[in-house]
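Asker: So the sequences go chain by chain: A and B. This note's numbering applies: residue 1 is where the first sequence begins, and numbers increase by one. This note's numbering applies: residue 1 is where the second sequence begins, and numbers increase by one.
Quick caveat, the hints were computed from the structure, so don't treat them as lab data. Check the hints yourself; a few may be wrong.
Heads up, the list lumps identical chains together, so a pair's fine if it works in one copy or across two of them.
Once the Cα atoms are required to be at most 20 Å apart in a straight line, the calculated EDC-like pairs of lysine to aspartate or glutamate come out as [claimed, not checked]: (1) Lys-213 / Asp-84; (2) Lys-145 / Asp-72; (3) Lys-213 / Glu-203; (4) Lys-64 / Glu-144; (5) Lys-145 / Glu-169; (6) Lys-64 / Glu-155; (7) Lys-213 / Glu-144; (8) Lys-145 / Asp-118; (9) Lys-64 / Glu-112; (10) Lys-145 / Asp-113; (11) Lys-64 / Glu-143.
There are 2 protein chains.
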Amino acid sequence: MSDQPSYAKIRYAKRKVDEDAVAHAILDQGLVAHVGFVAEGRPMVIPMAYARDGNRLYIHGASKTRIVARNDGLPMCLTVTHVDGLVVARSGFNSSVNYRSCVVHGTARWVEDRAERDHALWLVTDHLLPGRNGEVRAARPQEEKATGVLALEIEAMTVKVRSGPPVDEPEDLALDLWSGVLPVTVALGRGVPDGHTPPTMAEPASLGLARRKFSA
Amino acid sequence: MSDQPSYAKIRYAKRKVDEDAVAHAILDQGLVAHVGFVAEGRPMVIPMAYARDGNRLYIHGASKTRIVARNDGLPMCLTVTHVDGLVVARSGFNSSVNYRSCVVHGTARWVEDRAERDHALWLVTDHLLPGRNGEVRAARPQEEKATGVLALEIEAMTVKVRSGPPVDEPEDLALDLWSGVLPVTVALGRGVPDGHTPPTMAEPASLGLARRKFSA
Numbered sequence: 001m002s003d004q005p006s007y008a009k010i011r012y013a014k015r016k017v018d019e020d021a022v023a024h025a026i027l028d029q030g031l032v033a034h035v036g037f038v039a040e041g042r043p044m045v046i047p048m049a050y051a052r053d054g055n056r057l058y059i060h061g062a063s064k065t066r067i068v069a070r071n072d073g074l075p076m077c078l079t080v081t082h083v084d085g086l087v088v089a090r091s092g093f094n095s096s097v098n099y100r101s102c103v104v105h106g107t108a109r110w111v112e113d114r115a116e117r118d119h120a121l122w123l124v125t126d127h128l129l130p131g132r133n134g135e136v137r138a139a140r141p142q143e144e145k146a147t148g149v150l151a152l153e154i155e156a157m158t159v160k161v162r163s164g165p166p167v168d169e170p171e172d173l174a175l176d177l178w179s180g181v182l183p184v185t186v187a188l189g190r191g192v193p194d195g196h197t198p199p200t201m202a203e204p205a206s207l208g209l210a211r212r213k214f215s216a
Numbered sequence: 001m002s003d004q005p006s007y008a009k010i011r012y013a014k015r016k017v018d019e020d021a022v023a024h025a026i027l028d029q030g031l032v033a034h035v036g037f038v039a040e041g042r043p044m045v046i047p048m049a050y051a052r053d054g055n056r057l058y059i060h061g062a063s064k065t066r067i068v069a070r071n072d073g074l075p076m077c078l079t080v081t082h083v084d085g086l087v088v089a090r091s092g093f094n095s096s097v098n099y100r101s102c103v104v105h106g107t108a109r110w111v112e113d114r115a116e117r118d119h120a121l122w123l124v125t126d127h128l129l130p131g132r133n134g135e136v137r138a139a140r141p142q143e144e145k146a147t148g149v150l151a152l153e154i155e156a157m158t159v160k161v162r163s164g165p166p167v168d169e170p171e172d173l174a175l176d177l178w179s180g181v182l183p184v185t186v187a188l189g190r191g192v193p194d195g196h197t198p199p200t201m202a203e204p205a206s207l208g209l210a211r212r213k214f215s216a
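In isolation and in its complexed conformation, chain A is listed as follows (with noise of 0.2 Å):
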């Protein structure tokens, strides 16, 4: 994949505007993002949940774990990808994947002020699950204490976007060969409620939003 042309990259190098706007939507309509650092040196990759506020992105975690408490003005890197479609081509070579993905790089900070940290909290509930913070309990101090939060200004990033068929070799094109592309799409279903959901209350209008938001 990171060997395919990079359309939207090179377009974009002129159009800073468009590339920004195309990065956002990226970003908002991941249900993970894969968040990397490098720890004793290695490298790690960890799916985390998040959300982005502006030009800033925010991922959080239980206070102890190392992702959170060891990577303060550390280096980031946080990146989204949905997958659109498996890019079947004539030869193997010129096979691909359509996707869309944001890299971003930036620095972590510890955010210490707890008005900044409930507001993190709210968004990366509210970026998974649109006004659910609106329908359950408030939070409690002790539960605010035991989650950390990283702050991640986006120092600089990376949109690209492959799309469309394949792009077979002139002489392929007669080859007595199937090509096109196999779309690849993501679905929320109906919400299953647990066991001390009364089987007659209606689904939460949060669900219904975040089906909208991230059913491609």
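Starting from the structure of chain A, add chain B where the hints point.
Answerer: For chain B alone, kept in the frame of chain A given last:
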């Protein structure tokens, strides 16, 4: 997500064989991996196609690309994550994500041997489109030269699995709130033929095999 209890990790710590089976299933069902490495002291996370061959992983890229060319002998991290559902709890604190992830640590090895490189490229194509290698025309020497391959022996692996309903505080269960799981699934659709494929031509078998393999 990383702050979720890792049931799998705890349980499988005593049952290595099971952990390997679960880890291999997570790796084999992934569309893309997020590959982490260190470049000029900074973490980088890039989405890449990949394939597993026993206890070894292969990734490929244009011979010139930084990932392939500059990482021979360096530590790498390869993470595959499946998001299975949004865990909608009665509090933001207990809200979570159902997921399966496998984090692999290894050392990148530039594949010099042509037979191993061809084998790796065959596997990467077969990973996304099972059987496709038998459908397309043979690779050409200049295509093989243009492609670089890295091998990664799995030196360490961490499996994390979060599944099931929310775990709410006992005192929250009486609240008049919907709680449960919003399922997330990946679906591969019908193939969309390109402009050079006769509309009457049937989908090749590899597309159906990919649908069965990746549609959750």
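Asker: Now tell me, hint by hint, if it's right for this structure.
Answerer: Here is what the structure says about each hint:
no., hint, verdict
1, Lys-213 / Asp-84, "both (16 Å within a copy, 16 Å between copies)"
2, Lys-145 / Asp-72, "within (17 Å within a copy, 43 Å between copies)"
3, Lys-213 / Glu-203, "within (16 Å within a copy, 31 Å between copies)"
4, Lys-64 / Glu-144, "within (13 Å within a copy, 47 Å between copies)"
5, Lys-145 / Glu-169, "between (59 Å within a copy, 16 Å between copies)"
6, Lys-64 / Glu-155, "neither (26 Å within a copy, 26 Å between copies)"
7, Lys-213 / Glu-144, "neither (27 Å within a copy, 41 Å between copies)"
8, Lys-145 / Asp-118, "within (10 Å within a copy, 53 Å between copies)"
9, Lys-64 / Glu-112, "within (15 Å within a copy, 43 Å between copies)"
10, Lys-145 / Asp-113, "within (12 Å within a copy, 54 Å between copies)"
11, Lys-64 / Glu-143, "within (13 Å within a copy, 49 Å between copies)"
When the structure is compared with the earlier hints, violations turn up for hints 6 and 7 and for no others.
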